[in-house]
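Novice: Going line by line, the protein sequences match chains A and B.
Under the numbering used here, think of the first position of the first sequence as 2, with each following residue one higher.
Under the numbering used here, think of the first position of the second sequence as 2, with each following residue one higher.
A hint or two may mislead.
Derived DSS-like pairs (lysine-lysine); straight-line CA-CA distance at most 30 angstroms [claimed, not checked]: (1) A:313 <-> B:545; (2) A:161 <-> B:313; (3) B:545 <-> A:315; (4) B:545 <-> A:545; (5) A:313 <-> B:315; (6) A:313 <-> A:364.
Simulated from the structure, these hints should not be mistaken for lab results.
2 protein chains.
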Amino acid sequence: MTVSSLVQLRLVWCCWTLPRWQMNGHKRPLAVWTSATVQWTLKQKKLAELYRIPMSRPSILSGTSLLGKRALSTTSSSPKEVMLTSEQYGVKRLPFSHVSDSDIAFFEHLIPGRVITDPDELRLFNVDWLQSVRGCSKMLLRPRTAAEISEILRYCNKRKLAVNPQGGNTGLVGGSVPVFDEIIISTALMNQVISFNSVSGILVCQAGCILENLNQYLEELDFIMPLDLGAKGSCHIGGNVATNAGGLRLLRYGSLRGTVLGLEVVLADGSILNCLASLRKDNTGYDLKQLFIGSEGTLGIITAVSILCPRKPKSVNLVFLGCQSFSQVLGTFTTCKGMLGEILSAYEFMDDKCMKLVENHLKLSNPVTGNPFYILIETSGSNTVHDEEKLNNFLEHVMASGLVTDGTVATEDKKIKMLWSLRERITEALTHDGCVYKYDLSLPVERLYDLVIDTRARLGKTAKNVVGYGHLDGNLHLNITAESYSHSLLDAIEPFVYEWTAQYNGSISAEHGLGFKKKHYIQYSKPQEAVLLMQQVKAMLDPKGILNPYKTLPASS
Amino acid sequence: MTVSSLVQLRLVWCCWTLPRWQMNGHKRPLAVWTSATVQWTLKQKKLAELYRIPMSRPSILSGTSLLGKRALSTTSSSPKEVMLTSEQYGVKRLPFSHVSDSDIAFFEHLIPGRVITDPDELRLFNVDWLQSVRGCSKMLLRPRTAAEISEILRYCNKRKLAVNPQGGNTGLVGGSVPVFDEIIISTALMNQVISFNSVSGILVCQAGCILENLNQYLEELDFIMPLDLGAKGSCHIGGNVATNAGGLRLLRYGSLRGTVLGLEVVLADGSILNCLASLRKDNTGYDLKQLFIGSEGTLGIITAVSILCPRKPKSVNLVFLGCQSFSQVLGTFTTCKGMLGEILSAYEFMDDKCMKLVENHLKLSNPVTGNPFYILIETSGSNTVHDEEKLNNFLEHVMASGLVTDGTVATEDKKIKMLWSLRERITEALTHDGCVYKYDLSLPVERLYDLVIDTRARLGKTAKNVVGYGHLDGNLHLNITAESYSHSLLDAIEPFVYEWTAQYNGSISAEHGLGFKKKHYIQYSKPQEAVLLMQQVKAMLDPKGILNPYKTLPASS
Numbered sequence: 002m003t004v005s006s007l008v009q010l011r012l013v014w015c016c017w018t019l020p021r022w023q024m025n026g027h028k029r030p031l032a033v034w035t036s037a038t039v040q041w042t043l044k045q046k047k048l049a050e051l052y053r054i055p056m057s058r059p060s061i062l063s064g065t066s067l068l069g070k071r072a073l074s075t076t077s078s079s080p081k082e083v084m085l086t087s088e089q090y091g092v093k094r095l096p097f098s099h100v101s102d103s104d105i106a107f108f109e110h111l112i113p114g115r116v117i118t119d120p121d122e123l124r125l126f127n128v129d130w131l132q133s134v135r136g137c138s139k140m141l142l143r144p145r146t147a148a149e150i151s152e153i154l155r156y157c158n159k160r161k162l163a164v165n166p167q168g169g170n171t172g173l174v175g176g177s178v179p180v181f182d183e184i185i186i187s188t189a190l191m192n193q194v195i196s197f198n199s200v201s202g203i204l205v206c207q208a209g210c211i212l213e214n215l216n217q218y219l220e221e222l223d224f225i226m227p228l229d230l231g232a233k234g235s236c237h238i239g240g241n242v243a244t245n246a247g248g249l250r251l252l253r254y255g256s257l258r259g260t261v262l263g264l265e266v267v268l269a270d271g272s273i274l275n276c277l278a279s280l281r282k283d284n285t286g287y288d289l290k291q292l293f294i295g296s297e298g299t300l301g302i303i304t305a306v307s308i309l310c311p312r313k314p315k316s317v318n319l320v321f322l323g324c325q326s327f328s329q330v331l332g333t334f335t336t337c338k339g340m341l342g343e344i345l346s347a348y349e350f351m352d353d354k355c356m357k358l359v360e361n362h363l364k365l366s367n368p369v370t371g372n373p374f375y376i377l378i379e380t381s382g383s384n385t386v387h388d389e390e391k392l393n394n395f396l397e398h399v400m401a402s403g404l405v406t407d408g409t410v411a412t413e414d415k416k417i418k419m420l421w422s423l424r425e426r427i428t429e430a431l432t433h434d435g436c437v438y439k440y441d442l443s444l445p446v447e448r449l450y451d452l453v454i455d456t457r458a459r460l461g462k463t464a465k466n467v468v469g470y471g472h473l474d475g476n477l478h479l480n481i482t483a484e485s486y487s488h489s490l491l492d493a494i495e496p497f498v499y500e501w502t503a504q505y506n507g508s509i510s511a512e513h514g515l516g517f518k519k520k521h522y523i524q525y526s527k528p529q530e531a532v533l534l535m536q537q538v539k540a541m542l543d544p545k546g547i548l549n550p551y552k553t554l555p556a557s558s
Numbered sequence: 002m003t004v005s006s007l008v009q010l011r012l013v014w015c016c017w018t019l020p021r022w023q024m025n026g027h028k029r030p031l032a033v034w035t036s037a038t039v040q041w042t043l044k045q046k047k048l049a050e051l052y053r054i055p056m057s058r059p060s061i062l063s064g065t066s067l068l069g070k071r072a073l074s075t076t077s078s079s080p081k082e083v084m085l086t087s088e089q090y091g092v093k094r095l096p097f098s099h100v101s102d103s104d105i106a107f108f109e110h111l112i113p114g115r116v117i118t119d120p121d122e123l124r125l126f127n128v129d130w131l132q133s134v135r136g137c138s139k140m141l142l143r144p145r146t147a148a149e150i151s152e153i154l155r156y157c158n159k160r161k162l163a164v165n166p167q168g169g170n171t172g173l174v175g176g177s178v179p180v181f182d183e184i185i186i187s188t189a190l191m192n193q194v195i196s197f198n199s200v201s202g203i204l205v206c207q208a209g210c211i212l213e214n215l216n217q218y219l220e221e222l223d224f225i226m227p228l229d230l231g232a233k234g235s236c237h238i239g240g241n242v243a244t245n246a247g248g249l250r251l252l253r254y255g256s257l258r259g260t261v262l263g264l265e266v267v268l269a270d271g272s273i274l275n276c277l278a279s280l281r282k283d284n285t286g287y288d289l290k291q292l293f294i295g296s297e298g299t300l301g302i303i304t305a306v307s308i309l310c311p312r313k314p315k316s317v318n319l320v321f322l323g324c325q326s327f328s329q330v331l332g333t334f335t336t337c338k339g340m341l342g343e344i345l346s347a348y349e350f351m352d353d354k355c356m357k358l359v360e361n362h363l364k365l366s367n368p369v370t371g372n373p374f375y376i377l378i379e380t381s382g383s384n385t386v387h388d389e390e391k392l393n394n395f396l397e398h399v400m401a402s403g404l405v406t407d408g409t410v411a412t413e414d415k416k417i418k419m420l421w422s423l424r425e426r427i428t429e430a431l432t433h434d435g436c437v438y439k440y441d442l443s444l445p446v447e448r449l450y451d452l453v454i455d456t457r458a459r460l461g462k463t464a465k466n467v468v469g470y471g472h473l474d475g476n477l478h479l480n481i482t483a484e485s486y487s488h489s490l491l492d493a494i495e496p497f498v499y500e501w502t503a504q505y506n507g508s509i510s511a512e513h514g515l516g517f518k519k520k521h522y523i524q525y526s527k528p529q530e531a532v533l534l535m536q537q538v539k540a541m542l543d544p545k546g547i548l549n550p551y552k553t554l555p556a557s558s
């Protein structure tokens, strides 16, 4: 792949108007997922109610969320017509068959009443949450069972009809919507809990269960889901697994690679691969389910998930601290891992520029001003008194040792929410600052902030703001703002940021995946041998390439 | 596969004399890894010293180990000539090339002084730890780098020479020794720590590092390895990863699927797959490293590992409790998960028959007699006072509620070791009880003991003892003893045990893998579609089948 083609295809996260919303617990107003006309909005509203699609989508950019709920608020939104992906990116359609009347008749017979072909109805499913990419699918199918998906794929594979599996459509890299006219297979009706074992904590459910619903279901049984992310109100667990979603609880409960115990997957040829074990240990052959975790629907469609769930913590505390340098942020993290140990559940950092944006644009008040860096630490445990004592000992130590200059503690829900909003609303504040160039990178933890410093030095006054925040699990959210979009600024950022990341063996996509938008950058994080092997795996499992084409991997050379 | 062939190939864990040992901390006597003659023993001793092979091997059957060290002791051992695997199991050699003089010359040139062809020297590497299977390899190679393994495999693949990767040779299913004359590729000299990051806790090391050495290295830096098992004094981290080793810490820190962050692997054709990331989050393409975790060296040779390590706990406590029923064992587990929460680090159970064997054969004293079931709970945390308070609250609760009838607590090292030995020496006690039929099964936790009851009822007086113990992560160690081997008893046990396990979607190999001995039972735990796909993966990555042949998967039909 040449540099020019990389430049041509690189992702510009700017210039569009982000949807804006007001989310207060379960009450979500309907005026957010905007459309060009009121009539269209009402139609979508009806559709959303019918299909349980949240019209106002929660924050999926911030990457953080409280164990409970946190309110997010913005003001009004403006309508936007999204350009067709094929035109925007100059993609050529692969030689798949086109959906014919007899195809529609077949599917109508297979799943009567659950075949959508109305272009207006389809519009909602053809555009991504960011309103950044748009396909032109002419048919959406809403199966209820793996057997139905099996029949669908068997037929599509035979007919060489491309498909686009879709969960909550909350992806950030264009992986969840068609690029051309792929048939959308929605998991929305596959929303049943199959079983929950309160001794082992193992939940088995269909892929279309909404993450937040699962968490609520579990909370009543004194458990929680091992993952949490801003999109929880919309995203499906199948989509979470297919994209290997990270989020806030990863620091405590680990990744889905460890917590997902089993999957049921329908392969491209329609065969059902039942690896839906509910066992913590199973060493009988290769762990095939891992192939499907994070493969973004390109190797099979996940239809059910078995997942290990932790007990609901009895006590949650939050502290917000100020530091004089990033090395103190790291030092505090090391101290914190030692002194808070098993109760540490989140460790987020943000620089002062982030805080200034939140203060200026959102009028939020920073309780600990005057520091170059801020830290947000969450603890969750089984004993309130013990947790608070540990936290106090830790705070005394970091204050006395000079690692931290100032801070505030929250134990009550209202203050916890307020402090979380300082971190969680950075993304929103950025959208008010102009055109935003966004990067989601994994780096060795000691290098995490160096990229922000180097980018700032490189861009000088050509950028309005260069800010960094993220998770101390090694995930940096680097954001660059400018008054307006500039190709020369983009040239100064890319491939610099990717090359810098590659230099330290980082990842150019920490938690968002590659999807459509980032597939051509894979070489920055994976060697050629690995990409080649991935392409072989794809060819083996989906020889006709019908599953979510144009995504995840560059075409085989 | 027919029933008769299953019967023919099924594993009989009996009739051989287990090696016996005395292990006190680091001091391991040399009279244990027995041989037919003193001369041979001395030669092996010299070899073992040269190659750092522990002559007395630690317990790898018990599956439990303290965070520190626990002494294991038995009495004397008797020599045993191990039958050739090919004869014992009637296996036919696949049409691989035979090692020629020019092959030996090639390897001598490639890694001078690190090619072993002396049959006496090779003997140690041709027999498994259990002395149950034996190959007849004529050459062992001791590379130091991935580049050397790459050259070796490139050559072997071209010449169609089969290879057998070998770490510490502590496997229990015959996966770590050749079946015929496969070239043994030992990772013993690949024992360098590459890096450790004390902020992120990520260790990167070569595959031949011994687990215990890594743990000691980390303990000095206030960290521990996320896995621990009896074989830690011998096993290599590469072998641990290749077999997806479970062990004691799994309940707390999760499986290697989550803690292993990166691997370097040499493929069958000699290409080096560098997926040695030190990142907690990386969503750029398919997670190829997962293919190699648990694939027992049949898809590639792991040469380096990147692994996430937890902080060393400051406080460790142990309790030993008696229960009146298995449902109380489960109830206590549920209560324990709630009340001990984040400090729970092990939960083991054993029935009274296990305890009687330990008392009768090893003269150990059970401090809590008269119960049908016993529980061993370990806590580890960051605050001694808090941990003890949590433990006391929990104990008061379970005693008051009648879940537990009696118990004892240990906080000091000596008593902790004594209590652990009650659990850890069950395997040893069993070997004194006669011929032992051993099964390592994963089952839904609420069914865990039902299999013991059903097996006991089925076998009646034809068995001497039917005992059950294991980990409450769903791993049952079912053991049946008889005065002597009986084919009719075996017929009564198998396939009954496997069918029973399959009925509840359990696993016929929880943590030991399939290796050579169990590969034909895979269908009891995996559907035909999965086995077929595994065979396709194998064919894709190793088309000539040179990597650890005769292992893990049944031959493609």
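Novice: Decide, hint by hint, whether the structure agrees.
Specialist: So, going through the hints one by one against the coordinates:
Between residue 313 of chain A and residue 545 of chain B, the direct Cα distance comes to roughly 50 angstroms. Violation of the 30 angstroms bound is thereby established for this hinted pair. Distance restraint check for residue 161 of chain A and residue 313 of chain B: the Cα-Cα separation of roughly 55 angstroms exceeds the 30 angstroms cut-off, and the hinted pair is therefore not satisfied. A C-alpha spacing of about 56 angstroms is found between residue 545 of chain B and residue 315 of chain A, which places the hinted pair above 30 angstroms, so the restraint is violated. For the hint linking residue 545 of chain B to residue 545 of chain A, the alpha-carbon distance of about 26 angstroms falls within 30 angstroms, and the restraint holds.
For the suggested pair residue 313 of chain A and residue 315 of chain B, the alpha carbons sit about 24 angstroms apart, so the restraint of at most 30 angstroms is met. Only pairs whose Cα atoms come within 30 angstroms are accepted, and residue 313 of chain A paired with residue 364 of chain A is rejected, the gap being roughly 34 angstroms.
In this structure, the earlier hints numbered 1, 2, 3, 6 are contradicted, and the remaining ones agree with it.
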